[in-house]
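Number of protein chains: 2
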Amino acid sequence: MANPSESLHKVNFANKRSFGAALKKDLKETFFPDDPFKQFENQPFSKKTKKVIQYFVPVFEWLPKYNLSLFKYDLLAGITIASLAIPQGISYAKLANIPPIIGLYSSFVPPLVYAVFGSSKHLAVGTVAACSLLISSIIGGKVSPIEEPELYLHLVFTATFFTGLLQTAMGFLRLGILIDFLSHSVITGFMGGTAIIIILQQLKGVFGVTHFTTKTDVVSVLRSIFSHRDEWHWQSAIVGIIFLAFLQFTRFVKQKRPRLFWVSAIGPMVVVVIGCLFAYFAHAEKHGIAIVGHLTKGINPLSIKHLNFDPKYISAPIQAGIITAMVALAEGIAIGRSFAIMKNEQMDGNKEMVAFGLMNIVGSFTSCYLTTGPFSKTAVNFNAGCKTQMSNVVMAICMMLTLLFLAPLFSYTPIVGLSAIIMSAMFGLIKYKKAYHMFKTDKFDFCICMVAFIGVAFISMDIGLMLSVGLSILRALLYVARPVTCKLGSIPNSTLYRDVEQYPNATEVPGILILKLGSPIYFPNCTYIKERILRWVRDEQAAANSKGSDDIEHILLDLGGVTSIDITGVETLTEVRRSLEAKGLKVTLVNPRLEVMEKLIATKFVDLIGKENVFLSIEDAIEACRFTLKSSKQFEV
Amino acid sequence: MANPSESLHKVNFANKRSFGAALKKDLKETFFPDDPFKQFENQPFSKKTKKVIQYFVPVFEWLPKYNLSLFKYDLLAGITIASLAIPQGISYAKLANIPPIIGLYSSFVPPLVYAVFGSSKHLAVGTVAACSLLISSIIGGKVSPIEEPELYLHLVFTATFFTGLLQTAMGFLRLGILIDFLSHSVITGFMGGTAIIIILQQLKGVFGVTHFTTKTDVVSVLRSIFSHRDEWHWQSAIVGIIFLAFLQFTRFVKQKRPRLFWVSAIGPMVVVVIGCLFAYFAHAEKHGIAIVGHLTKGINPLSIKHLNFDPKYISAPIQAGIITAMVALAEGIAIGRSFAIMKNEQMDGNKEMVAFGLMNIVGSFTSCYLTTGPFSKTAVNFNAGCKTQMSNVVMAICMMLTLLFLAPLFSYTPIVGLSAIIMSAMFGLIKYKKAYHMFKTDKFDFCICMVAFIGVAFISMDIGLMLSVGLSILRALLYVARPVTCKLGSIPNSTLYRDVEQYPNATEVPGILILKLGSPIYFPNCTYIKERILRWVRDEQAAANSKGSDDIEHILLDLGGVTSIDITGVETLTEVRRSLEAKGLKVTLVNPRLEVMEKLIATKFVDLIGKENVFLSIEDAIEACRFTLKSSKQFEV
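One line per chain: the protein sequences are A and B, in this order.
Basically the numbering used here = 1-based index in the first sequence + 3.
Basically the numbering used here = 1-based index in the second sequence + 3.
Treat the hints as calculated values from the structure; they're not laboratory data.
Some hints here could point you the wrong way.
Because identical chains cannot be distinguished in the list, a pair is counted as satisfied if it fits within a single copy or across any two copies.
Restricting the straight-line Cα-Cα distance to at most 20 Å, the calculated cross-link-like pairs of lysine to aspartate or glutamate (DMTMM-like) are [unchecked claim]:
{"hint": "1", "residue 1": "Lys346", "residue 2": "Glu584"}
{"hint": "2", "residue 1": "Lys315", "residue 2": "Glu150"}
{"hint": "3", "residue 1": "Lys28", "residue 2": "Asp542"}
{"hint": "4", "residue 1": "Lys31", "residue 2": "Glu504"}
{"hint": "5", "residue 1": "Lys614", "residue 2": "Glu626"}
Treat the numbers as computed from the prediction; the structure is a model and nothing was measured.
Bound-form chain A, shown alone (with noise of 0.2 Å):
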């Protein structure tokens, strides 16, 4: 044990640091978590231009390093992530009830953006399904697509002209710490109701119904299918369970294999390319089997002109746009990260949100639609071996060759083929060992993803969105406002003092109460922690009542785990220091890190309590506590 004479150590009451100081380092941590301009310092000018530059257009980082050998890789995994693209456009584009083209399209123009703006290597840039389903529910809300098809995609593209400026504002903003509010928990609950409620979409396609509800949720589309149960068409069904067989087969043979991964990531291609023979030859529109129709050779006309910023419409795209800038931002992000992790790479998320941006804005001028980095692409991408944003480029260039020549022959592609790809896309979405996983760890999360599956499959998709993010900030908001704190004893044998409940051996201090409080002590957990202590005491003063032990006479406050403290915070700790003085309890500060010190200091609460009374450590304090406590016995004697 610490020899006493010497266990009063000195706490450090030295001056607060100056407002600027203390406002700079908050900022930075706010938003320069990453500290990104760190290299550039102490570097003579030139040297730091270029790598400014570098830093906001990666593609002048990797472009001069760039030889044939890595070109080999980003060949074979972009010519794989073209022949996923295809069939993946045109199938995402039928469910934005947009043309089958602008699918293609999107694949075309953004991922040359984000090649020359992105920092993620593996990224693969593509439309994703719940986004395109999202802008369909919320546009297709003000505008139908059916009667006014023209004014609906003109919306679309605004749509995406809005995301892409969303993304690049939040980006420029540093607000990267927005979408770490959409938290796991979230994301499973609501890719998995969407995958449902997508899968369910897509027996319109399987069964060849024509008359389909608006609505996504479950309930309007299953009465939507069995009530049209007249317009069923077999062979139609038909054809998809095969399609739907084979591809859940190469899905199959991938996780057997992990090697074989192109096996699943060509099938949608072979789909595809199967079902165009056999509509061509078995003439399969006359067999109730509905096929793309006409896709018209040549690149991406431009789409500028076409915004639409009237007044009547503009709600719609704005909502849209907001809702899928953050999903989707939370969707590319994620990926990228797991896989710069997986790389031990870093990526800045704040340089991706710029990158998005970019690509959507530029999306929106050329006919294209949302797109942002797909979970199932951007694995195949990487399955495949990419190196660099090379990849991308491979994938541009092909899509521009099948926009230029061979764009008339997938007319033929039965849509049953398209529904079929996506449902299989979609059965990997539903998560459902995870939801499994949070049940068993963690109730709170299992609760926020089931509302958001719930709130998804069965309201609608922004709904479900909003109230389980809703969820999520009440708890972090709980977490502020009902800290946890506990009671410390002593660890026999040592100087460390455990909560009591952890560690039941922990011996309590006779005559002494020591509360350890938890996060900051902050106007929302201000009353709970008043009323926390003083029911701490009163627990304790009627355990020792009960034993007829000695009553306590010192409350120990361990602020060690205190990391700020405001206004009311400080007052509540006066507040608290009054009441219990008023019952003859003495109360001792110990351990108050950095910005709790200055906040103490410049509220002149150290003055009040007095700086003996504050202490580095347990030890000192009890030290100094049990001496008052003998000093009093012998008086009392």
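Got chain A sorted already, so can you dock chain B onto it with the hints?
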């Protein structure tokens, strides 16, 4: 120093608590932090029933013990607050654009209800300026109080009903936690801004202007006053200034000699009486000094049949009900708590909410509008020496007598006198000293306060309030999103490890980086914590390289300040560990707390990292690390 051979204390890896037990504890801490049912434990049934009734209806607790010697004090206090209630009731009713008699009614029924259900001994019930203006600005935006006075009045009753309903519901659902989110800074700024606009509005009465804006912001009000200079009445202005000077003088007397508080307490009554006499004998109306006008004799008529739930208007009373419920509760509960602390008593916020709610529901049935516990009146009650809730009963009886016999006399009250009373009361609410104190001690609190002040003064009351509440919630979320981490060093001659920034004399341990994490590790801060840890490591490695000292080999994460962790948090720890191990660094955990340990065990993180790498104290962990450090050195040599 502790003996090394004994220093390896055992970490408790015992099984976690059952889900039910953990949930029960969490719910208790969230909704019953003050443990109100403790007193009912271990009691026989009859006594328990009695205690429960006394708990819910406090009148049964204090009335049986009541005696004449207490009544002496309450009688005096009751008469004093009644003399304040008459002028305030009339004034604030004018502020709410409803007939003055409603203000008098509102000081008769609600105090009686509070006396039965309220638990604060010092609280005096009455109407408040801020809420009166809020009601008139929200409901006045929907229905004009001049063109449709009857409909307007009925909507005010309806708003009061909703207020009461919401307050009661919040109390029963133990949502006192919501009130905690209205911080002192918000309240200070809101009250200050409200005071400014109320004072400016009174210029209407002082100058006797008849055409006036319904908006509340500073610009509209000033423009309204100065664009109608032709309507100004100099006689009215002179009388107003004299009254105001008198009232300010009585306040000055109170400030200098607190024992003469009654001078300022009866000041408003003196103004009303002198004003009435003056108006009656000098025929003030003919000289451009407006009077209150006809007041009917008789107590409150029933108004339950006037509650208006017409869907056409319902949104206004609901909105007004919600906002005023929160503001009224914040004021009432804050003042109740303050006086309870002064007397070292306890107050149950949730029980008070139910009392306020019942008081407003009954009030809305009996021609009263919103009441709560106003700061000023409660302070007068306290200073006048009230002992129990009986003082409210005395005030109610005084009001009843006034309504039955004296009401018509007050019809001569000059409007300008009421304006002077309101203005004088408002000056005290502009707490510039408190704002300055905030500026000195906490810039963010000051900022929130200023947003409330400027928002209320220049935009509108509800927007100002919401903006500042939003900002303070944002701050609470930032605390969650950006927890403080720090590097620990060894304090010389001790076993203590403290922040090296706070204690510059703390020495770093060669080859080992000790980081202390604060706050819960939780989805909104996971990415940050990961980036921050990796940055600490990078900085440390760079520093080690530049100094040529030993490279770090161990990272110690002190989790003593981490109160809880969610699934995303555990995943983050896993990722951090993977990243660091890839760099050849070993991760060790120190002192995980109860809930964190449970989660780490449930998610099998403990098995992943190995139980041998979790330590109870930094000292133990360093001891273990040193062993491997030395051995690796030996291998190298």
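Checked hints:
1. Lys346 - Glu584: Answer is between; shortest inter-copy Cα gap is 12 Å, intra-copy 58 Å.
2. Lys315 - Glu150: within (17 Å within a copy, 34 Å between copies)
3. Lys28 - Asp542: between (41 Å within a copy, 16 Å between copies)
4. Lys31 - Glu504: between (38 Å within a copy, 17 Å between copies)
5. Lys614 - Glu626: Within one copy only: 16 Å inside a chain, 33 Å across chains, cut-off 20 Å.
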